Amino acid sequence: MATRSQGVLDKMTKESGVETATLKVFRYRPEVQTEPYVQEYKVPYRRDMVVLDALNYIKDHIDGTLSYRWSCRMGICGSCGANVDGEPKLTCASFLHEFKGKEIKIEPLANFPIIKDLIVNIEDFMEKLDHIKPWIIRKEETPLEKGEYRQTPEELEAYKQFSMCINCMLCYAACPIYGMNEEFLGPAATALAYRYIADTRDQDHEARFPMVHDKEGVWECTLVGECSVACPKGVDPMLAIQKTKILGATQILKPPRRGK
Amino acid sequence: MLAIEAGFARGIKGPIVESLSHDILIIGGGGAGLRAAIAAAEYNQKLDIAIASKTYPMRSHTVSAEGGMAAATREYDSLDKHAFDTIKGSDFLADQDAVEYFVSECPREAVLLEHWGCPFSRDPDGRISVRAFGGMSVKRTLFAGDKIGFHMLHTLFQTTLKHENIHRYDEWFATSILVEEGHASGVTAINMRTGEMSSILAKAVVLSTGGCGRIYKFTTNGWIKTGDGMALAYRAGVPLKDMEMVQFHPTLLPNTGILMTEAARGEGGYLINKDGERFLKRYLPGKMELGPRDIISRSEMTEIKEGRGFEGPYGSYVLLDIRHLGEDVINKKLSFLKELAEKYAGVDPVHEPIPVRPGQHYIMGGVNTDKTGYTGIPGLYGAGEMACVSINGANRLGSNSLTECLVFGAAAGKAAAEYAMRQSMPHLGNPLQGVAMEEETRVYDQVLKHEGGERISSIRSEMQSTMDESVGIYREENGLSQATRKIGELKDRMRIASVEDRDHVFNTELVSALELDFMLDVAETIAYSALYRRESRGAHTRTDYTNRDDAQFLKHSMAYWDHGRPRIQYSPVTITRWQPEARVY
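Protein chains in written order, with this note's numbering: chain A, 1 to 260; chain B, 1001 to 1585.
Because the hints were derived from the structure by calculation, they are not lab data.
None of these values were measured; they are calculated from a predicted model.
Glycine is no exception: its CB is placed at the ideal position from the N, C-alpha and C atoms.
Heads up, some of the hints might be wrong.
Claimed, not checked - Between beta-carbon pairs, the in silico distance windows are:
hint: 1; chain 1: B; residue 1: R1074; chain 2: A; residue 2: Q242; range: 49 to 59 Å
hint: 2; chain 1: A; residue 1: E141; chain 2: B; residue 2: Y1076; range: 20 to 30 Å
hint: 3; chain 1: A; residue 1: K146; chain 2: B; residue 2: D1080; range: 17 to 27 Å
hint: 4; chain 1: A; residue 1: K146; chain 2: B; residue 2: R1278; range: 37 to 47 Å
Stated by the list, open to error - Here are some chain B residues the structure puts well away from chain A; computed CB gaps all over 10 Å:
hint: 5; residue: M1058
hint: 6; residue: F1084
hint: 7; residue: D1097
hint: 8; residue: R1127
hint: 9; residue: K1305
hint: 10; residue: P1378
hint: 11; residue: Q1482
hint: 12; residue: R1495
hint: 13; residue: I1496
hint: 14; residue: W1578
hint: 15; residue: Y1585
Can you build the whole structure from these sequences, using the hints too?
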């Protein structure tokens, strides 16, 4: 079925002179074939097309079996990450024209177990997210009638960029440490831990120290900085890791805490 | 080295082997569903609550909301002002008791979200900042830059993690509601990871699956917005209310349909035609760019029709101009808009105006519920865009939908909790087991196995074109009538359509087929409700019935599932303190 449709497209593009782009897509279908393989697709090319548009063209017109996640197509839901020509990218934000004249290699995000085609298993991150207590911890609750907690624009600024993480996993795919040691807490989870630590509304910053200063925490990071390069939302996880290390270093001077 | 997932047997058949159960089951993990979960969890820590969502919760479409959330929090504002703006915006089709409840709960919900950590933008004194929004008579829209939805969703999701009694089924797709002796008793759902179907039983079910924008081709909505909960409830016997009331937002990028937030106009942006005029002076002299969405979208269409639009490769458009706001304001308050315009339209809004045209954005209609989210089927609740209480009537005001998710998500979660406390757990004997087996047969032996039919993408594409062309901003009898026939034909074709992917593991094409099956039902209710509402009100604009007709149509359309087709009835609108009047801005 797939080859027939691709044949029609090939003929059509040849006759009409429509430009095409070639995608070499990583395929893995555990129920069909135990080994992964690469499948080549040609799609009509338009300058304003993103890689996700090309994948959707394939899915709708050439091969319904190609599997990937996506939703918002505007770089905010974090679903559609893949390795595009070896770099972790949001496929909705990677334009075909950036690869003009080249075959574009599309692979699942590196460093994650692959479920099917471009769909990877991110359960490890979901557990880590839970682990760092990503919620406001209060020692005393203020009644709602008293209104919002006051926070100045400057206080907001101290943690704002770290609250911009869309959990797209690009930073984990870029991180060589995570590639070698999946126990490593990693960039996004650390950035989010720091996001709460640096929030003036949070009253127990130290609650997260055991996780971020665990032996698999920030001290594993060797400051490669690939995470901050890969982030599509301008978050600088390496900075969060640095700031967390500094907090940890000052913490060491205090008497050890009991309990967990 | 490739890390391949181990443990997938070949050719797994999906027998309903296990029966999972929880006190409360929430379908959908966006703003409304997460808020419902937290409300139920806080109501009683002993309740066992589960959220089943076809995406990870933080991928839900709430994430795309940009401008802000409405709540009367300032001293110059009042609940009555917020209520009246909402009711007038709705073209008097909103139920006023629901609106009064809604506005009274908004400030509390806003403070709660703030206490949970939402990184709202702040005034120098530390209060949450507010901005102007369309149809709101004063500044009452709380915001977080131009990413309120993203921040609200992540704040809610991360807050659910602190509750140990909230469990999750991530990437599970619900296919039907199990109803036993008139009570909602759970759902059948596909675990997408394995492709196995399970019954998840519950004492109470909350539906919060969002809207159905993907019924249309030109929409701001994400891929996942396929009206699942609407179809689930409709097939279970709940009427869909006011489905003809579809919101077309005035400022979408012409190619992709990506939203340029209304906050751009809230902050002072202009809409400009080919002659360089702020053309809204002809339509909304008292409000200009801060008018309601239905009127602004129609005004743009009139400008284009009368030759004052621009022509582009993706159709006619007008311009959204925010240059005069200055780079500093744009970077601080509209940074996401800037990023999107630059990336997807190649326009830097600091220096150039942005091409925009109107497109589908939201549906005011939805699953009929009362103020507590109750659907009329014992044990079944609904909230968020999927539901229709109704506070939005014939036209929703921008920034009311985010607070709507919170207010009615909380109400539904609490009502479901109260109900669940009084019930005993259903068990998977007869007749539930039989119903679940039938559903399994439908999905795995029919939808998945049809041979030789057409691709689902062609049916989806025709549905979307039909809705854009005949059930769009402007509607009339013939077009609507043709649309109902066309959708009927597409439903027939859908019965024998084929999916190419026969895998069980993460079969996105199978899920798309089931979603399309849902969308066709929902689209049909929209087309029929629009056909029979022979007046113009709010977003429902009939070129053959151009006036609002309170004598005949000050009432809600109710679409009931009747042997696979919608039967349209009507129910009264609740008027408390505000008599319908001419809607002039």
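Consistency of the hints with the structure:
no.	hint	in the structure
1	B:R1074 to A:Q242: 49 to 59 Å	violated, 40 Å
2	A:E141 to B:Y1076: 20 to 30 Å	holds, 29 Å
3	A:K146 to B:D1080: 17 to 27 Å	holds, 23 Å
4	A:K146 to B:R1278: 37 to 47 Å	holds, 43 Å
5	M1058	violated, 5 Å
6	F1084	holds, 24 Å
7	D1097	holds, 23 Å
8	R1127	violated, 7 Å
9	K1305	holds, 26 Å
10	P1378	holds, 32 Å
11	Q1482	holds, 25 Å
12	R1495	holds, 18 Å
13	I1496	holds, 16 Å
14	W1578	holds, 28 Å
15	Y1585	holds, 30 Å
In terms of the numbered hints stated before, the structure departs from hints 1, 5, 8, listed from lowest to highest.
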